[in-house]
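Participant: Next come the chains, spelled out residue by residue.
2 protein chains.
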Amino acid sequence: MITVAIAEDHQSLMDGINLLLKYKEGITIVGMANDGEALLEVVRNKRPEVVLTDIKMPKIDGIAVTKLIKKEFPETKVIAFTMFNQQEAITQMIAAGASGYLLKNSPLEEVLNAINAVSEGNTFFDSAIDLSFLNDDSDTSSKKPVLSKSEREILRYIGQGKSSSEIASLRFTAVSTVEKHRKNMIHKLGLSGKGELLRYALDRKYDF
Amino acid sequence: MITVAIAEDHQSLMDGINLLLKYKEGITIVGMANDGEALLEVVRNKRPEVVLTDIKMPKIDGIAVTKLIKKEFPETKVIAFTMFNQQEAITQMIAAGASGYLLKNSPLEEVLNAINAVSEGNTFFDSAIDLSFLNDDSDTSSKKPVLSKSEREILRYIGQGKSSSEIASLRFTAVSTVEKHRKNMIHKLGLSGKGELLRYALDRKYDF
DNA sequence: GAAAACATACCCATTAGGGGGTATTTTGCG
DNA sequence: CGCAAAATACCCCCTAATGGGTATGTTTTC
Numbered sequence: 039m040i041t042v043a044i045a046e047d048h049q050s051l052m053d054g055i056n057l058l059l060k061y062k063e064g065i066t067i068v069g070m071a072n073d074g075e076a077l078l079e080v081v082r083n084k085r086p087e088v089v090l091t092d093i094k095m096p097k098i099d100g101i102a103v104t105k106l107i108k109k110e111f112p113e114t115k116v117i118a119f120t121m122f123n124q125q126e127a128i129t130q131m132i133a134a135g136a137s138g139y140l141l142k143n144s145p146l147e148e149v150l151n152a153i154n155a156v157s158e159g160n161t162f163f164d165s166a167i168d169l170s171f172l173n174d175d176s177d178t179s180s181k182k183p184v185l186s187k188s189e190r191e192i193l194r195y196i197g198q199g200k201s202s203s204e205i206a207s208l209r210f211t212a213v214s215t216v217e218k219h220r221k222n223m224i225h226k227l228g229l230s231g232k233g234e235l236l237r238y239a240l241d242r243k244y245d246f
Numbered sequence: 039m040i041t042v043a044i045a046e047d048h049q050s051l052m053d054g055i056n057l058l059l060k061y062k063e064g065i066t067i068v069g070m071a072n073d074g075e076a077l078l079e080v081v082r083n084k085r086p087e088v089v090l091t092d093i094k095m096p097k098i099d100g101i102a103v104t105k106l107i108k109k110e111f112p113e114t115k116v117i118a119f120t121m122f123n124q125q126e127a128i129t130q131m132i133a134a135g136a137s138g139y140l141l142k143n144s145p146l147e148e149v150l151n152a153i154n155a156v157s158e159g160n161t162f163f164d165s166a167i168d169l170s171f172l173n174d175d176s177d178t179s180s181k182k183p184v185l186s187k188s189e190r191e192i193l194r195y196i197g198q199g200k201s202s203s204e205i206a207s208l209r210f211t212a213v214s215t216v217e218k219h220r221k222n223m224i225h226k227l228g229l230s231g232k233g234e235l236l237r238y239a240l241d242r243k244y245d246f
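Protein chains in written order, with the working numbering: chain X, 39 to 246; chain P, 39 to 246.
Just to be clear, a hint being listed does not mean it is correct.
Copies of the same chain are indistinguishable here, so a pair counts whether it falls within one copy or spans any two.
When the alpha-carbon atoms are kept at most 20 Å apart in a straight line, the in silico PhoX-like pairs for lysine-lysine are as follows [as the list claims (entries may be wrong)]:
#1 Lys226 - Lys187
#2 Lys226 - Lys94
#3 Lys200 - Lys62
#4 Lys187 - Lys221
Simulated from the structure, these hints should not be mistaken for lab results.
Go ahead and model the full structure; you've got the sequences and the hints to work with.
Facilitator: What follows is the structure in structure tokens.
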């Protein structure tokens, strides 16, 4: 009997998964959550063997909650179930400790296959995912982000519409410090021109 | 027997809907599509009574395909099934001829309720939707877009990262004309501050 | 420990964009 | 045809963001 917890903010999809698993022998859904925070509570209370989680969710996103779950319950298997097929998302979920990665564009039946695979100790990746980038170097999980921690924080604020002076207040630094970080990011990212940094911030799917 | 066609680019959700309706008396799914173009083909070939369609889909979006369907098959009922709870999306789907509007955040069971309602000639709106704006004036279906044609064109260019002078060149006008349009849009949209127009352009779910 | 990366803070300069408008012409609708 | 909306183009102003840097201190990496 495999116990499963699911986090998905679209209730309709949650219901669909429920319908799929409801009559399957050997699998029991022990909890469901519409956000990352609720998922953590479910995992703490119900101790599922497998967690199926979206990435883009309210409160705590799938990557962060996966890290928290793996830290507290290392034996719990986590599967990402998401619309994001980007290398960065995949890399981050794996780095966070996920054993599986499924795309919502794929048949719902894959959820079942993934749950069975990871519960046996295997990994499971959606066949639509090109995993070649994972072979580029052997320490992918320790690969450093292009942007530094401070840069990423500032980029997040930029994406939220904060001006440099607002960001400076939030971080207790001078405005010029924020502007210098901006310039560094623009240079690192190869951008140029007004608004390009904001555009980049908004184009990014996730903050890393 | 109600015949239904479904358009949804996330196959997993499509499968969930299928599971829901599969054993329901009185409803038959006669076709499924992953994009607007395929939906149109399905509707032409299968002539369903009810169409359930996402808005954000590849090729032809839900709004455009609804217009096409209603033009060619006025008796066919269309239900939007989407994550967008914005007034503009709702308004546009209604203007396109949709009889129903469902949110993916709601229970999957609502799909069934909506199908039954519209097949009886009623409208069906997700209870999570605030419809008060629909009462503002009685000619909602002919309601003009907030932004003028030129404004929308300029907004599109802004979203593509063009500067005002670049846009002016593209449109054979003075830069000041473009800037005036920008100010008009900012005022109409109730925005303020640097980058907000770009942000709005990028945040927009659809070009109207 | 040394070097590189990061963080902080400042200097100078330019300009795109937003804020306030006015005025005229063109277009679309009733 | 008249009127309102849209389009065009200009005036003035200010500043946030970007572009070029320098310099120092702190942290991280090898």
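Participant: Quick one: lysine 187 to lysine 221, C-alpha cut-off 20 Å, is that within a copy, between copies, both, or neither?
Facilitator: Intra 15 Å, inter 36 Å, cutoff 20 Å: intra-copy only.
Participant: Please sort lysine 200 with lysine 62 into within, between, both or neither, judging by C-alpha distance up to 20 Å.
Facilitator: neither (49 Å within a copy, 51 Å between copies)
Participant: Checking lysine 226 and lysine 94: alpha-carbon separation at most 20 Å within a copy, between copies, both or neither?
Facilitator: Neither. Shortest intra-copy (25 Å) and inter-copy (31 Å) distances fail the 20 Å Cα cut-off.
Participant: Give the relationship of lysine 226 and lysine 187 under a CA distance limit of 20 Å: within one copy only, between copies only, both, or neither.
Facilitator: within (14 Å within a copy, 38 Å between copies)
Violation of the numbered hints given earlier is confined to hints 2 and 3; the remaining hints are satisfied by the structure.
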